[in-house]
Amino acid sequence: MNRRRFLRSAAALPLTGAIGGTLAVFGSAQVALGAAPTGTGYNRVLVLVELKGGNDGLNTVVPYTDPAYYSLRPKIAIKRDDVVQLSDRLGLHPSLAPLLPLWRESELAILQGVGYPEPNLSHFRSIEIWDTASKSAEYLQDGWLTRAFSARPAPRGFAADGVIIGSGDLGPLAGGGTRAIALANTEQFLRRAKLAQPTPIAGNPALAHVLKVESDIVQAAAHLDARYKFRTAFPPGNFGSAIHTAAQVLANPSGVAVVRVTLTGFDTHSNQAGTQARLLKEVAGGLVALKAALVELDKWNDAVVLTYAEFGRRPKENISGGTDHGTANVQFALGGRVAGAMYGAPTDLSRLSGDGNPAYALDFRGAYAAILDNWWGVDSRAVLGEKFTAIPFLKS
Amino acid sequence: MAARTFLLARMPALAALCTSATLACAAAAPMGYDDARHLLARTGFGPTEAEVREFAALPRADAVARLLRDVRTTAVTAPPAFTSVAGPLRPPPRDASDAERKAFLQEQIRHGLALRAWWLQEMLATPSPLTERMTLFWHNHFVSSQQKVRIARLMYGQNALLRAHALGNFGTLLHAAAKDPAMLVYLDSAQNRRGQPNENFAREVMELFTAGEGNYTETDIKEAARAFTGWSINRETGEYLFRPGAHDYGNKTVLGQSGRFDGDAVLDILLAQPATAEFITAKLWREFVSPDPNPREVKRIAQAFRSSNYDIRIALRGVLLSDAFWARENRGTLVKSPIEFVVGTLRQLEIPPPNGLPFAVLAAGMGQNLFSPPNVKGWPGGNAWIDANTLLARKQFVDRLARADEELQPMITVAAPASPSVEPNRAPTPLFVADDQKARFQRLAREADRGLRSVNFDAATWLAARKGATPADKERAAQALLLALPPQAPPRSGDDALTFIRATMQDPVYQLK
Chain R
1 MNRRRFLRSA AALPLTGAIG GTLAVFGSAQ VALGAAPTGT GYNRVLVLVE LKGGNDGLNT
61 VVPYTDPAYY SLRPKIAIKR DDVVQLSDRL GLHPSLAPLL PLWRESELAI LQGVGYPEPN
121 LSHFRSIEIW DTASKSAEYL QDGWLTRAFS ARPAPRGFAA DGVIIGSGDL GPLAGGGTRA
181 IALANTEQFL RRAKLAQPTP IAGNPALAHV LKVESDIVQA AAHLDARYKF RTAFPPGNFG
241 SAIHTAAQVL ANPSGVAVVR VTLTGFDTHS NQAGTQARLL KEVAGGLVAL KAALVELDKW
301 NDAVVLTYAE FGRRPKENIS GGTDHGTANV QFALGGRVAG AMYGAPTDLS RLSGDGNPAY
361 ALDFRGAYAA ILDNWWGVDS RAVLGEKFTA IPFLKS
Chain X
1001 MAARTFLLAR MPALAALCTS ATLACAAAAP MGYDDARHLL ARTGFGPTEA EVREFAALPR
1061 ADAVARLLRD VRTTAVTAPP AFTSVAGPLR PPPRDASDAE RKAFLQEQIR HGLALRAWWL
1121 QEMLATPSPL TERMTLFWHN HFVSSQQKVR IARLMYGQNA LLRAHALGNF GTLLHAAAKD
1181 PAMLVYLDSA QNRRGQPNEN FAREVMELFT AGEGNYTETD IKEAARAFTG WSINRETGEY
1241 LFRPGAHDYG NKTVLGQSGR FDGDAVLDIL LAQPATAEFI TAKLWREFVS PDPNPREVKR
1301 IAQAFRSSNY DIRIALRGVL LSDAFWAREN RGTLVKSPIE FVVGTLRQLE IPPPNGLPFA
1361 VLAAGMGQNL FSPPNVKGWP GGNAWIDANT LLARKQFVDR LARADEELQP MITVAAPASP
1421 SVEPNRAPTP LFVADDQKAR FQRLAREADR GLRSVNFDAA TWLAARKGAT PADKERAAQA
1481 LLLALPPQAP PRSGDDALTF IRATMQDPVY QLK
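If you read the sequences in order, they're chains R and X. Each residue of the first sequence is one higher than the one before, counting from 1 in the working numbering. Each residue of the second sequence is one higher than the one before, counting from 1001 in the working numbering.
Isolated chain R (complex conformation) (with noise of 0.2 Å):
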């Protein structure tokens, strides 16, 4: 679908802010595309860009000829001749400018109003959501991508089923018997690993823990090694490196099926501008690296890189130059594979609900939906519990 078409035609949808406007702003040739699994298994990886704190959306992708937009946020709204400019009613905040290559070759799609009914403004409990996949009211162990690996296991001879780089919240990956790795950099990680043994896992469950924990240690030792040296250049800070830490762990034969990667800061109560400019200049020059690495690796098409956060921010900016907890965001899927385009639809501002936040148009767990059924081929119904439709930003 032409993209200037598909937003037009999205804009002049209603937003019902319910699962009946998810499906209907697809439009029904999307639909159709995305319905029938085509993944094919965990050779193909997925890379977790976590936005922790929750960032604002609404300064992300900005509805910059929405005057509802710049009455709400008089101090902090991004100036419309500072927005990248992606179509006639909506552009990037300037910090993900380098973005613009990856659009303009439709590799860059945006998911907008992404949520869940009964959103909860709490950080902890909302990720928690986000990560376990699990309904407002529902409390689950185990993360989505836990249960996607006990329902169908990546290969014994992988090095790990994921590595989590520079957090210790495995998140997604926490629980069950997943085969997680944190670690800061690989060659500490291997030098340090000798110090690991294996036993077998038994005890209460705290040493159970350490023993399994120890010996996903030995297993990914095994299997990882520091030698690849990449032409990419990475940008300096803490997320370049977690970034070019995530193309070492991807240069390696031997799989590893999800690598999360994690920037904080984005709990912007006050003097908002400042800070999301920076990290947003971060999370571009990552992505734009990140892409170059793949790239280098030939394995750009077999990855699909999505940010996520726990929620966006209020649209009405408070008194401190800064916004509070909000709920429908915006997500980023990019990958030599994704239907570059806009998916859902942008927030409307002038329906808030009665706490001033926005009705949300994707549900989030239709983007792994997406991951589940149409990059891994992974059976979505039994992973998260019901069918939900996969948004379609993946190319068959």
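Hints listed in this document are in silico derivations from the structure and should not be mistaken for laboratory results. In this text, a Cβ means the ideal position worked out from N, Cα and C, and glycines have one as well. Hints are supplied without guarantee of correctness; some may be wrong.
[Stated by the list, open to error] Straight line, CA to CA, 25 Å or less: simulated SDA-like cross-link-like pairs of lysine to any residue:
# : chain 1 : residue 1 : chain 2 : residue 2
1 : X       : 1148      : X       : 1137
2 : R       : 212       : X       : 1292
3 : R       : 281       : X       : 1353
4 : X       : 1283      : R       : 221
5 : X       : 1474      : X       : 1383
6 : X       : 1148      : R       : 136
7 : R       : 316       : X       : 1219
8 : X       : 1222      : R       : 136
9 : R       : 281       : X       : 1097
[Unchecked claim] A few chain X residues facing chain R, derived, Cβ under 7 Å:
#  : residue
10 : 1199
11 : 1207
12 : 1215
13 : 1217
14 : 1218
15 : 1264
16 : 1389
17 : 1395
18 : 1488
19 : 1511
Mind docking chain X on chain R? Use the hints.
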């Protein structure tokens, strides 16, 4: 104590009590080595053998009473000099140059490092490890982070406040912590004004500090935020200041009660909720007893806690004297925090370091950077302390400590170009609030290395000092002191002392308490 035990054994009436009610009997008998080790490991930082033997002679209830009696409200270690400077906070003015800003931040970072060194030294030096454990517990409850607060003096003030009330009254602590200047900055209270509320503090005080998730609504948060308007900081003194002009004097409805509430009134409403006492008690249970609080026991202890008008010692006594605390199946079921791991190792091996900073840096590398919890919920703790990265950091620490004089790879490397962490609150990076982290990080990594080299551990002397007639007895005594459960991979008996101790500390069980 000994006299009472003696009498108990001799007096027929009491002996009869022992046969009919074994619990009452056990309560008055000396608890012995294993119980004493368990109590001290759970309430302090890795006990020394002398401490264990001293407590082994006490009955359980007397031992708990003594721990609760000996608590402190101040540190024994003198704080860094900068903390005694009063007067105006002097953050750079709005029109400050970049150089001025940078100089200010660097000074705050230096002060922050001095604070970490000081607190770690206090944990080693204190005659009441429980006081520091509870101060750390409250640091992880009423969370503030220097990452956001920046001004080290405020972080010190908060730490002193938490220690002063660590085993005092929870209600008093809640009111004081809410108005603590570091907290006012951390949760944006100073930005919360009439007509323009900032909900940050109102949300977290309900979700994390008192009633807990599920015991309030979004409307309660909005209404409470209005009650907290006007709370601010006096920049001339660095202290709490109420600004009447910013306060919303209107009617509010919070948790079903209506009135022209101010912030203190809302805190009192939260204290009146049974959920608050249960939330705190369950958290104490997870800290001291087991990962899975027993709901009936929590309710029982919470009731006593609330009826005592929130005397923290009542709650803690309830937790420490519960059957579950002493139950065999709960021994070795909790993971040591990085601070417990590092401080406990230094204490148990009886290695007094000349400087605390390198060890605070090492604990940060294991995921616990004092004065910089990852977010307002604090360190998640429990099994989450252990992942591939942090487990290896722990193993490398004990490996290096046991042979501090050998030439080895640096303890923490800054591999170019990958730096150790993206999440600015996990690995050592977060010691810094500002940019040019890498150079400073490299300096600190060298510092950690020097710290490890600066201590001297003589394994043979340490092992020889264990109780026991034969070398094998001494090895058993060392294991009984260092490990909460039998080792998973028992070291070969008869290895040299260093090999034996290193293998014992590399055992997975050494991660547990």
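Looking back at the numbered hints, which does the structure fail to meet, lowest number first?
Going through the list in order, the structure violates hints 3, 4, 5, 6, 12, 13 and 15 and respects the others.
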